[in-house]
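Chemist: For the record, the sequence lines run as chains G and C. Position 227, counted from 1, in the first sequence is what our numbering calls 227; the numbers after and before it change by one each time, with no gaps. Position 216, counted from 1, in the second sequence is what our numbering calls 216; the numbers after and before it change by one each time, with no gaps.
Read the hints as simulated data drawn from the structure, not as lab findings. There could be a bad hint or two in this list.
Cβ-to-Cβ under 8 Å is the rule here; a few derived chain C residues that face chain G [unchecked claim]:
1) Leu-50
2) Ala-58
3) Asp-60
4) Leu-69
5) Ala-84
6) Asp-87
Straight line, CA to CA, 25 Å or less: simulated DMTMM-like cross-link-like pairs of lysine to aspartate or glutamate [said to hold, decoys possible]:
7) Lys-45(G) - Asp-48(C)
8) Lys-45(G) - Asp-60(G)
9) Lys-45(C) - Glu-323(G)
10) Lys-45(G) - Asp-24(C)
11) Lys-45(C) - Asp-48(G)
12) Lys-45(G) - Glu-49(C)
13) Lys-45(C) - Asp-174(G)
14) Lys-45(C) - Glu-46(G)
15) Lys-45(C) - Glu-390(G)
16) Lys-45(G) - Asp-304(C)
17) Lys-45(G) - Asp-15(C)
18) Lys-191(C) - Glu-315(G)
19) Lys-191(G) - Asp-174(G)
20) Lys-45(G) - Glu-365(C)
If the Cβ cut is set under 7 Å, some of the chain C residues that face chain G in the computed set are [as the list claims (entries may be wrong)]:
21) Ile-19
22) Arg-20
23) Leu-53
24) Met-68
25) Ala-82
26) Ser-374
27) Pro-377
Small disclaimer: the values here were computed from a predicted structure and weren't measured. We put the beta carbon where it would ideally sit given N, CA and C, even for glycine.
Number of protein chains: 2
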Amino acid sequence: MPLVVQKFGGTSVGDAERIRQVADHVARTVRRGNQVVLVVSAMGKETDELLRLADAVARDRHGREMDMLITAGERKAIALVAMALHDQGIEGASFTGSQAGFVTDTNHQNAKILDLRTDRIRAALDAGMVPVVAGAQGVSTANDVTFLGRGGSDTTAVALAYALGADVCELYTDVSGVFSADPRLVPAARKMSTVSFDELLEMTATGCPKPAMRSVEFARSYNVPLHIRSAFTWETGTWVKEEDDTMEQASVIAVTSDTSDGKITVSGLADRPGVAGMLFRRLADDGVNVDMIVQNMSVDGIADISFTVPTEHFELSLRIAREALGEVGARDVSGDAEMAKVSIVGSGMKTDPGVAARMFETLAEAGINIEMISTSPIRTSCIIRREHAETAVTALHAAFGLGG
Amino acid sequence: MPLVVQKFGGTSVGDAERIRQVADHVARTVRRGNQVVLVVSAMGKETDELLRLADAVARDRHGREMDMLITAGERKAIALVAMALHDQGIEGASFTGSQAGFVTDTNHQNAKILDLRTDRIRAALDAGMVPVVAGAQGVSTANDVTFLGRGGSDTTAVALAYALGADVCELYTDVSGVFSADPRLVPAARKMSTVSFDELLEMTATGCPKPAMRSVEFARSYNVPLHIRSAFTWETGTWVKEEDDTMEQASVIAVTSDTSDGKITVSGLADRPGVAGMLFRRLADDGVNVDMIVQNMSVDGIADISFTVPTEHFELSLRIAREALGEVGARDVSGDAEMAKVSIVGSGMKTDPGVAARMFETLAEAGINIEMISTSPIRTSCIIRREHAETAVTALHAAFGLGG
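Sequences and hints are given; from them, build the entire structure.
Modeler: This is the structure:
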């Protein structure tokens, strides 16, 4: 009998009616002759509400206590989903992360899975039950409750699918699959029937919102087939698999954009060893996630370094860069908070050298200035001003013939 | 160093502000040189909200899943209280029922404690921490999450106080102690400085709302001193202890009333063995909680049985009694849904035979008809019509000189 792990996110279990719909969906999957293991996130805005409460009672978010608090949300959801399954005549049984066998390190708020002991889940399956597992949680080696971080439910689902040898891990979302561009920006965007792990990783890293990158990395490492699909239709979504020959035909498969970047340029930098290291160590120590870094050598051993940071870290980063001005022997620091990153993604790009050139030409034809460029074997990204993001995505989507 | 177990109910942790007040209260207790273990209930109306959700997703309340759901409420509360303690510079650490070592039977929704393994709590105390334990929960012998039932947080607190050998178990409520009558009905009602376990049990059983009866029984069995007090003042509340000589002086210490009773009378009953058993077996099978039962032998071996039931069971009980009419060989069934039970309580009553008589006289003088009477060594209860309840309580409170 095929074994399917189905993961439903917060929106899919946002209220009682949605939970009943999920139960109906699962019941149909079971009646079609599948064994099912469910993974469920906290209901809708529950996690945000818990964070609001935490901030109202204390100035600091204490790691161990935050994990105890946040994981309460998934517990509610799994119990309610299991009850709704019973109401459909399906023997659902809820399991916390700990009960499901997720053993993690003690890194609260962002714990890593160390071991997964599936005895209880297997026993439940053998007894004809549908286990309903709380997403994104586990028990630490110190016997404390741990939270795997936001998006951790995807990781829970993929890890279970791997450990149980499931045929597929279905990630149910509020979109019906992975698209060649954000359908809200590009009406002609096409839903892909398949995408490779590497391509999806690049897309996730450059603005495609789902699923959580860490879960895709996990799925790639252990070769767990993913199926990203809508929670509220039965249409086939997008399969995520190892690359195969078919995929190599296509060059560019998607255009993504991320409009939460700010750019900072440190100019007139003495080009001596350790200078860049000094700057980025300071940023890292203050928790800034630096994304793209570009260094241009100018004449006389003087360099300019530009880097991008998330908008919420922009002001902090600008201040750090200015404070470091003397120490790193630079002349000037400038910044622009209103940047966007547009990317084209596709594993076929590796063997198609004309792709990057076509991207730059397309943006130039649209009158859009490129401020920074970075590339990987299967992605090319350009930093542009934010007001041009939508135009850029539309133009690139058309230029690479991605429409349906 | 004295060890104090402090239990805070749902109202005391109803919102962020209240949680901060609880943390402040605990911090002061610690700074006065006490070791403290906290027990916390779910926030305010949280449990009601979870029940509403359960009823919205399924027709049945599945026991195992209900326990998973309900216990999420206490987890939120303990995490938030622990965070608020950290904010006060106190090292709080939350513990679920399972983590605190509460091992229960598998009777979901109303589990009984089988064992209490306090290793983790002791270790936390030894490390100078304030353990914050989730009330009313444990882990069953089948490794499932269990709920001790409503009011179970009091039981958690008393059990911990016993197992840890605490000097006192403080039950914080929204009233400032145990009163000689409900202060809302009798403005002259006096807060008692001490009350015996037996007296408090009788009071709880006859309408005094707090604490949960089961926890008082537990405290009596293991002689755990209780202190019932207000969460929001520092005034001394009411101590609950074994009877001592001082207590024997007083005859009646309190008047209680319970206005949720209905009375049913089955008359013309053949007085042969097994008839009453047949009737009450049927009621028990349908989950009716029968409270008081009075049987009067009339002439020619024909008896009348009257009994009281909670208002919400009244219609069901009346129907069951009518259906059983032929089988039990009775003539008639009548009922009155609008009854109240007024009781006088006091361990001194045992040696003061005039007390019951004075109660009946007082009610007669107030023009109130007594429909049923039941007594215990330290309580006399009268069933009267509900509209007379307030008058009766006021008259009895004055007649026994209970005013401050």
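Chemist: Each hint: holds or not?
Modeler: Status of the hints after comparison with the structure:
1. The closest approach between the C-beta of Leu-50(C) and any C-beta of chain G is roughly 7 Å, which is under the 8 Å cut-off, so the hint is satisfied.
2. This hint holds: Ala-58(C) has a C-beta 4 Å from the nearest C-beta of chain G, less than the 8 Å allowed.
3. Checking Asp-60(C) against chain G: minimum C-beta separation of about 6 Å stays under 8 Å; hint holds.
4. Interface hint status for Leu-69(C): upheld, as the beta-carbon distance to the closest one in chain G is roughly 4 Å, under 8 Å.
5. With its C-beta approaching chain G no nearer than about 4 Å, Ala-84(C) sits inside the 8 Å limit, and its interface hint holds.
6. Of the supplied interface hints, the one on Asp-87(C) holds, with its beta-carbon coming within about 4 Å of a beta-carbon of chain G, less than 8 Å.
7. Taking the CA atoms of Lys-45(G) and Asp-48(C), the gap is about 19 Å. The hint holds against a cut of 25 Å.
8. A distance of roughly 21 Å separates the Cα atoms of Lys-45(G) and Asp-60(G); the hinted pair therefore holds under the 25 Å criterion.
9. For the hint pairing Lys-45(C) with Glu-323(G), the CA-to-CA distance comes to about 51 Å; that exceeds 25 Å, so the pair is violated.
10. Between Lys-45(G) and Asp-24(C), the direct Cα distance comes to roughly 30 Å. Violation of the 25 Å bound is thereby established for this hinted pair.
11. Between the alpha carbons of Lys-45(C) and Asp-48(G) the distance comes to roughly 19 Å, so the proposed pair stays at or under 25 Å and holds.
12. Between the alpha carbons of Lys-45(G) and Glu-49(C) the distance comes to roughly 16 Å, so the proposed pair stays at or under 25 Å and holds.
13. For a cut-off of 25 Å, the pair hint linking Lys-45(C) to Asp-174(G) is broken: about 31 Å separates their Cα positions.
14. Between the alpha carbons of Lys-45(C) and Glu-46(G) the distance comes to roughly 16 Å, so the proposed pair stays at or under 25 Å and holds.
15. The straight-line distance between the Cα atoms of Lys-45(C) and Glu-390(G) is roughly 46 Å, outside the 25 Å bound, and the hint therefore fails.
16. In summary, the hint linking Lys-45(G) to Asp-304(C) is not supported, as the alpha carbons are separated by about 59 Å, beyond the 25 Å threshold.
17. A distance of roughly 18 Å separates the Cα atoms of Lys-45(G) and Asp-15(C); the hinted pair therefore holds under the 25 Å criterion.
18. Note on Lys-191(C) and Glu-315(G): the hinted pairing is violated, with a Cα-Cα distance of about 60 Å set against a maximum of 25 Å.
19. Our distance criterion of 25 Å between C-alpha atoms is met by Lys-191(G) and Asp-174(G), whose separation comes to about 14 Å.
20. Our distance criterion of 25 Å between C-alpha atoms is broken by Lys-45(G) and Glu-365(C), whose separation comes to about 61 Å.
21. Of the supplied interface hints, the one on Ile-19(C) holds, with its beta-carbon coming within about 5 Å of a beta-carbon of chain G, less than 7 Å.
22. Taken as an interface hint, Arg-20(C) checks out: its beta carbon lies about 6 Å from the nearest beta carbon of chain G, inside 7 Å.
23. Proximity of Leu-53(C) to chain G holds as hinted, the smallest CB-CB distance being about 6 Å (cut-off 7 Å).
24. Because the beta carbon of Met-68(C) sits about 4 Å from the nearest beta carbon in chain G, less than 7 Å, this interface hint is met.
25. For Ala-82(C), the shortest C-beta to C-beta distance to chain G is roughly 4 Å, which falls under 7 Å, so the interface hint holds.
26. The beta carbon of Ser-374(C) is not positioned within 7 Å of any beta carbon in chain G (closest approach about 41 Å), and the interface hint is therefore violated.
27. For Pro-377(C), the interface hint is violated, the least distance from its beta-carbon to any beta-carbon of chain G being 45 Å, above 7 Å.
Violated hints for the displayed structure, listed by number in ascending order: 9, 10, 13, 15, 16, 18, 20, 26, 27.
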